[in-house]
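J.: The primary structure of each chain is shown beneath.
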Amino acid sequence: MILQSLRLKPMHGYALVKHIKQVSDNLLQVEEGSLYPALQRMLKEGLLEAQAGISAKGRPTRIYRLATAGIRHLESEVVSFERMFAGFTRVLAAAKA
Amino acid sequence: VSRFSPFFFRNRRYNDISVSIQEHIDERIDELMEEGMSRDVAERTARRDFGNVALFRERSREVWQWQRLESLLVDLKHVCRRLGRSPGFAITVVLTLAIGIGANTAVFSVLNSVLLRPLPYPEPQQLVSLHLNAPGAPGLAEFRNELRLSASMYLTFAAHNRAFQSIGVWGPGTASITGIAQPEQVNTAQISSGVLETLNVPAFTGQWLTAADQDSHGLGRVMLSYGYWQRRFGGDPSVVGRTISVNSQPRVIVGVMPRGFKSSITTSISWFRWPSIRSRSTWLALLFVASRGSGRGLALHRRMPMWRTCSMSGWTHGRMVQDLIRTST
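Sequence lines, in order, name chains E and Y.
So in our numbering, spot 42 of the first sequence is number 42, and the numbers just go up one at a time.
So in our numbering, spot 261 of the second sequence is number 358, and the numbers just go up one at a time.
Mixed in with the good hints there might be a few duds.
Below 20 angstroms or equal to it, Euclidean Cα-Cα: the simulated SDA-like pairs (lysine to any residue) are [unchecked claim]:
1. E/K44 - Y/N112
2. E/K57 - Y/D123
3. E/K44 - Y/N108
4. E/K21 - E/M11
5. E/K44 - Y/V160
6. E/K18 - Y/R141
7. E/K21 - Y/T142
8. Y/K174 - Y/V190
9. E/K57 - Y/E128
10. E/K21 - Y/G148
11. E/K18 - Y/E132
12. E/K18 - E/V30
13. E/K9 - E/P60
14. E/K18 - Y/E128
15. E/K44 - Y/Q164
16. E/K44 - Y/W163
17. E/K44 - Y/E155
18. E/K44 - Y/Q162
19. E/K57 - Y/L129
20. E/K18 - Y/R329
21. E/K57 - Y/M134
For the record, the hints were derived by calculation from the structure and aren't laboratory data.
Could you build all of it, start to finish, from the sequences and the hints given here?
T.: This is the structure in structure tokens:
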């Protein structure tokens, strides 16, 4: 979710939380604090890049951007997730039939 | 500078994390206040929604840390601070540890050299030592009930030896060397025929002393230790055949023993010489090598450190004892 959100546009942490809540119609509640360790792990793995920036309220913050490795990782994760989701769908359809 | 860059880099990461989290909470507070909350309530709500700020900040930082190492360093710092606050206790602990470790090291060094490490000779397991026990001989035996070995006893053992491949005796001594630069007193080992054959360590250069050197009317030849050879002759190989003055007597050097060779009785032997066996009444050590392929043996007389004894076959042991009884009756 984080990678997909950042693919649309670079964002800072709070904007990322708000974006996921809005896009999922509040179905997905991101635990706000746990976002930051996850972002640091992705930074360390080279999936993201961070740079100093200014928030919408004019305060200093860090803007996270998807790196090239992050795009590749996202695409493989999406393929994997879609395959798993297709499997679930088929099993559920067979159970209904 | 590049060696320290990871530390600067990490500090920058830590700063990024703090700035991001602070901005997150501030922005949330602003939003809640725009919805009509008071500042106090908005702050409490924002922090509650975020969760434990310190915990998440720490978890974010841990991503960039070598956790185990840094945890160890923190523990060490804590220990040092605690010890610094109570120096008396610290000194006691350090001294206890130092003495304990030192004592253990000393005991192990002794055990290792006496019991564990094999003797520095070929087939050391075949070397045995023998003590002459005489519990019922008051006046003759010393406090450990062991007899001193006389030259006649050794010669009898050597002449009637059937149990061992070779037999030899040696004793430590000192001698004055003159005629080379400054006069010098050196530690020596006086050896009989059979010692070098028993230890079976070839000469580094030159040759061994031979049985003919045991003759009191012979040339009186000597061998040098490697250390003495290096120190006094600069490792000159032409030293073999030269004559040196030992206790004012001319002695021909026949060879040099290899580096590290010791008789294991004295550790600072500088050279060997071959005395007249019959000129000494008592000997300090008795050396055997078992014969007939049954094993070698080394026997040491009293006052000498006990090296080790090997488990000889019952037959060989029995024969040796029989020989000793036969020679003593």
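J.: Each hint should be assessed against the structure and marked as holding or not.
T.: Evaluated hints:
With a C-alpha separation of about 15 angstroms, the suggested pair E/K44 and Y/N112 falls inside the 20 angstroms cut-off, and the hint holds. Restraint check for E/K57 and Y/D123: the C-alpha separation of about 9 angstroms stays at or below 20 angstroms, so the hint holds. Restraint check: the Cα-Cα separation between E/K44 and Y/N108 comes to about 14 angstroms, which is no more than 20 angstroms; the hinted pair holds. With a C-alpha separation of about 14 angstroms, the suggested pair E/K21 and E/M11 falls inside the 20 angstroms cut-off, and the hint holds.
Taken as a hint, the E/K44 and Y/V160 pair is honoured in the structure, with Cα atoms around 8 angstroms apart against an allowance of 20 angstroms. Restraint check for E/K18 and Y/R141: the C-alpha separation of about 19 angstroms stays at or below 20 angstroms, so the hint holds. A C-alpha spacing of about 17 angstroms is found between E/K21 and Y/T142, which places the hinted pair at or below 20 angstroms, so the restraint holds. A C-alpha spacing of about 17 angstroms is found between Y/K174 and Y/V190, which places the hinted pair at or below 20 angstroms, so the restraint holds.
A distance of roughly 10 angstroms separates the Cα atoms of E/K57 and Y/E128; the hinted pair therefore holds under the 20 angstroms criterion. A hinted pair counts as satisfied when its Cα atoms are at most 20 angstroms apart, and E/K21 with Y/G148 qualifies at roughly 17 angstroms. A C-alpha spacing of about 16 angstroms is found between E/K18 and Y/E132, which places the hinted pair at or below 20 angstroms, so the restraint holds. Of the pairs offered as hints, the one joining E/K18 and E/V30 holds, with about 9 angstroms between alpha carbons and a cut-off of 20 angstroms not exceeded.
Among the hinted pairs, E/K9 with E/P60 is consistent with the structure: their alpha-carbon atoms are about 18 angstroms apart, no more than 20 angstroms. Straight-line distance between C-alpha atoms of E/K18 and Y/E128 comes to about 11 angstroms, which keeps the hinted pair within the 20 angstroms bound. Note on E/K44 and Y/Q164: the hinted pairing holds, with a Cα-Cα distance of about 15 angstroms set against a maximum of 20 angstroms. Distance hint between E/K44 and Y/W163 is fulfilled; the C-alpha atoms sit about 13 angstroms from each other, no more than 20 angstroms.
Among the hinted pairs, E/K44 with Y/E155 is consistent with the structure: their alpha-carbon atoms are about 16 angstroms apart, no more than 20 angstroms. A threshold of 20 angstroms between alpha carbons decides the hint, and for E/K44 with Y/Q162 the separation of about 11 angstroms falls inside it, so the pair holds. Restraint check for E/K57 and Y/L129: satisfied, since their Cα atoms lie roughly 14 angstroms apart, inside the 20 angstroms limit. For a cut-off of 20 angstroms, the pair hint linking E/K18 to Y/R329 is broken: about 89 angstroms separates their Cα positions.
A distance of roughly 18 angstroms separates the Cα atoms of E/K57 and Y/M134; the hinted pair therefore holds under the 20 angstroms criterion.
Hint 20 from the earlier list is the only one contradicted by this structure; the remaining hints agree with it.
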